[in-house]
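J.: Got chain A sorted already, so can you dock chain B onto it with the hints?
For reference, the chains in residue letters:
There are 2 protein chains.
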Amino acid sequence: MLKLENDPNGIYYLGPKGSFSDEASQVLNISGNRIPIGTITDVFSKVNETNGIGVVPIENSLEGPVGETLDNLFRYDNIFVNYEIILKIRLVLASKGKEPKRVYSHPHALQEARNYLIRSKINNIIPVESTSKAAELASKDLEAAAICSEYAAKLYNLDVLEKDIQDSENYTRFLVISKEKRLSGAKTMLLFTVEDKPGALYKVLEKFYTSNINITMIYSRPLRTLPWHYYFFLEYQGDISSNDELFRELSTVTKDLKVKGSYTTLYKAF
Amino acid sequence: MLKLENDPNGIYYLGPKGSFSDEASQVLNISGNRIPIGTITDVFSKVNETNGIGVVPIENSLEGPVGETLDNLFRYDNIFVNYEIILKIRLVLASKGKEPKRVYSHPHALQEARNYLIRSKINNIIPVESTSKAAELASKDLEAAAICSEYAAKLYNLDVLEKDIQDSENYTRFLVISKEKRLSGAKTMLLFTVEDKPGALYKVLEKFYTSNINITMIYSRPLRTLPWHYYFFLEYQGDISSNDELFRELSTVTKDLKVKGSYTTLYKAF
Numbered sequence: 185m186l187k188l189e190n191d192p193n194g195i196y197y198l199g200p201k202g203s204f205s206d207e208a209s210q211v212l213n214i215s216g217n218r219i220p221i222g223t224i225t226d227v228f229s230k231v232n233e234t235n236g237i238g239v240v241p242i243e244n245s246l247e248g249p250v251g252e253t254l255d256n257l258f259r260y261d262n263i264f265v266n267y268e269i270i271l272k273i274r275l276v277l278a279s280k281g282k283e284p285k286r287v288y289s290h291p292h293a294l295q296e297a298r299n300y301l302i303r304s305k306i307n308n309i310i311p312v313e314s315t316s317k318a319a320e321l322a323s324k325d326l327e328a329a330a331i332c333s334e335y336a337a338k339l340y341n342l343d344v345l346e347k348d349i350q351d352s353e354n355y356t357r358f359l360v361i362s363k364e365k366r367l368s369g370a371k372t373m374l375l376f377t378v379e380d381k382p383g384a385l386y387k388v389l390e391k392f393y394t395s396n397i398n399i400t401m402i403y404s405r406p407l408r409t410l411p412w413h414y415y416f417f418l419e420y421q422g423d424i425s426s427n428d429e430l431f432r433e434l435s436t437v438t439k440d441l442k443v444k445g446s447y448t449t450l451y452k453a454f
Numbered sequence: 185m186l187k188l189e190n191d192p193n194g195i196y197y198l199g200p201k202g203s204f205s206d207e208a209s210q211v212l213n214i215s216g217n218r219i220p221i222g223t224i225t226d227v228f229s230k231v232n233e234t235n236g237i238g239v240v241p242i243e244n245s246l247e248g249p250v251g252e253t254l255d256n257l258f259r260y261d262n263i264f265v266n267y268e269i270i271l272k273i274r275l276v277l278a279s280k281g282k283e284p285k286r287v288y289s290h291p292h293a294l295q296e297a298r299n300y301l302i303r304s305k306i307n308n309i310i311p312v313e314s315t316s317k318a319a320e321l322a323s324k325d326l327e328a329a330a331i332c333s334e335y336a337a338k339l340y341n342l343d344v345l346e347k348d349i350q351d352s353e354n355y356t357r358f359l360v361i362s363k364e365k366r367l368s369g370a371k372t373m374l375l376f377t378v379e380d381k382p383g384a385l386y387k388v389l390e391k392f393y394t395s396n397i398n399i400t401m402i403y404s405r406p407l408r409t410l411p412w413h414y415y416f417f418l419e420y421q422g423d424i425s426s427n428d429e430l431f432r433e434l435s436t437v438t439k440d441l442k443v444k445g446s447y448t449t450l451y452k453a454f
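First to last, the sequence lines map onto chains A and B.
Counted the way the numbering used here counts, the first sequence spans residues 185 to 454.
Counted the way the numbering used here counts, the second sequence spans residues 185 to 454.
Chain A on its own, in the form it takes in the complex:
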C-alpha cells in the first residue's frame, strides 16, 4: 500500500518517544531509523538536510491549526506532503501502583480530563511538558499516575487503571513530509499569498467554485516578514494530475503559489 516501505534515511517525528506524533508514525508501518526530534522546526530542518521523512501535527479538532507546521511548509519550497494521518486523542490513567496519590500530565491533557479528575478526587495534579514525560515520571514512582495515551503507557510499562477519560471527542491530524512531490491522491495542499486589494481572496475561491472543486480547509497565517499581511493555507478534494486547468487559473490570481503535493488520508482505527 505505501511506497515508503522502509526509510534508511530516517523517520523524524516530533518527540519525545511515546508522543502522539510517534504513535502517528506507527500507522505508516514502515521500517527505518525512528528518531524523536525536539521541535517541529527541527523536524523540517532534518528532512531538508537528509532524504528522510518527517511526521508532525498540523491540526487539532479542538485547538485548530499548528502554526509552526504551517509556517515551515511555507518556508521550505522543497518539502512536500505525502500522507495525512488522523488519530483520535484517547487518554488513559496509568500507573505502576494501584492507588495513585498524584497525577502527572501535559496541561492540555489535564484540561481534557478535567471532569474525570474531579470525579476521581485526585487533587495532587502536576503539569509537565508532555504526556510521554508524564508516563516516564509515573514509571519511576509507585505513588504517581500519568494521564497519557495507551501507547505511552505501554511504552513505559504502566498498568492502565482507566480508559477513555477525555471529556470530548478530539482528533489530531498529522502530516508525513518528505522532499518527494506526489501528483495523485485524495487531497491536495496549497499555500499562497494574494495582492493586497479588495476581492483578492474572493477571486481565488471563485476558481475552485467554477471548477466544482470542494475546499476542505482554509486557514490564514501572518507573513512573518511584514506585519498585518497574510498567507493562505488551503486543502481541496482532488489531485494535481487531474486539475491542470485549475493551476493555470490559480497562477493568474495568486502570488507566491506553493503546491505541496497530493496525498492520501490514513486513519488509525478509532
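The reader is advised that the hints may include incorrect statements.
Identical copies go unnamed one by one, so any copy, or any two together, can satisfy a pair.
[Claimed, not checked] Derived BS3-like pairs: lysine-lysine, alpha-carbon spacing no greater than 25 Å straight-line: (1) Lys381 - Lys391; (2) Lys391 - Lys201; (3) Lys305 - Lys363; (4) Lys338 - Lys452; (5) Lys317 - Lys442; (6) Lys363 - Lys280; (7) Lys371 - Lys381; (8) Lys324 - Lys452; (9) Lys317 - Lys305; (10) Lys285 - Lys230.
For the record, the hints were derived by calculation from the structure and aren't laboratory data.
T.: For chain B alone, kept in the frame of chain A given last:
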C-alpha cells in the same frame, strides 16, 4: 474622545499586573478598578457577570490569532468589541544590579531577543510564565535581569540596561470588550458559520466584493462541538450603520451570523 471615561464596574485585563494587556488597557486612559485576571476565558466570564469592560489580546503579527479570544467571542452572543488597541512589542533588559548573571523571561520573549542574548554572552537563561513575572523575580535578586516591557520594568522599579532588544518588528492587537454593541466605527467584526457545501465561503466573500467593502482579516477556527467543522472570523473596513444592505445579503449566505459591533483603532505611540 472615549465614551468610557470611567468604569466603576471594573476593567478586567489578562494579567498579571505589568502584562502587555495591562499596558494596552492604559491606552484607554480611563479610571476605574483595574483587575488582573488569570485567563482570557475568565476575562470574558467577568465581563458577562458584571457591567465592566475587558482587555484581551486577539492577534500577534508574528504568531497569528489568539484562539481562546476568538472562541469566547463566538461563545458569548452578548459580548461585543468597542475598540482595538495596537501595541508594538518592545523588549528591554532590566535589572536592579549592574552586571546580571542570569536572565528571566517568557519563552516567546527569549526567542524574540535571541540575537541580543548571543551577543551579550549571558548564558544562564531561565524561562518563566510571563515577562511580568520575570520583572518581579528580577526585582528581588541583584544578580538577575528580566527581559520584559519598559512598562513592567518601571512597575517593578528596575533600571533599564538596554532598550529595543527584540529581533523583529512585532505588534499585538488587543480588544476592548463589553456588553455594549456599537454601530459606528472604522471597522466591524463578524463571526459566522456556513453550510457544508462547495462554494459556501465563496458566496459570503462575493457579498463583500460586490458591495466594494475591503476585508482586512479572515481566520477560520474549529467548531469545538463538531470535529472538522469551522467558524469564520472576519473584519472589514466600514461600520454597521452604513451597510444595511450588506447584512440583509449576508443573512442569506451564512448560518449563525454573530455581529460583534463596530469599533475604532487606538495606537500606542510607537
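J.: Are the hints correct? Go through all of them and say.
T.: Verification of the hints:
1. Lys381 - Lys391: For lysine 381 and lysine 391, both the intra-copy (17 Å) and inter-copy (16 Å) Cα distances are at most 25 Å.
2. Lys391 - Lys201: neither (43 Å within a copy, 49 Å between copies)
3. Lys305 - Lys363: neither (50 Å within a copy, 37 Å between copies)
4. Lys338 - Lys452: Within one copy, since 17 Å is at most 25 Å while 53 Å is not.
5. Lys317 - Lys442: Classified as neither; 36 Å inside a copy, 41 Å across copies.
6. Lys363 - Lys280: neither (42 Å within a copy, 51 Å between copies)
7. Lys371 - Lys381: So lysine 371 and lysine 381 pass the 25 Å test across copies only (16 Å; inside, 29 Å).
8. Lys324 - Lys452: neither (30 Å within a copy, 51 Å between copies)
9. Lys317 - Lys305: within (23 Å within a copy, 31 Å between copies)
10. Lys285 - Lys230: neither (41 Å within a copy, 34 Å between copies)
Violated hints for the displayed structure, listed by number in ascending order: 2, 3, 5, 6, 8 and 10.
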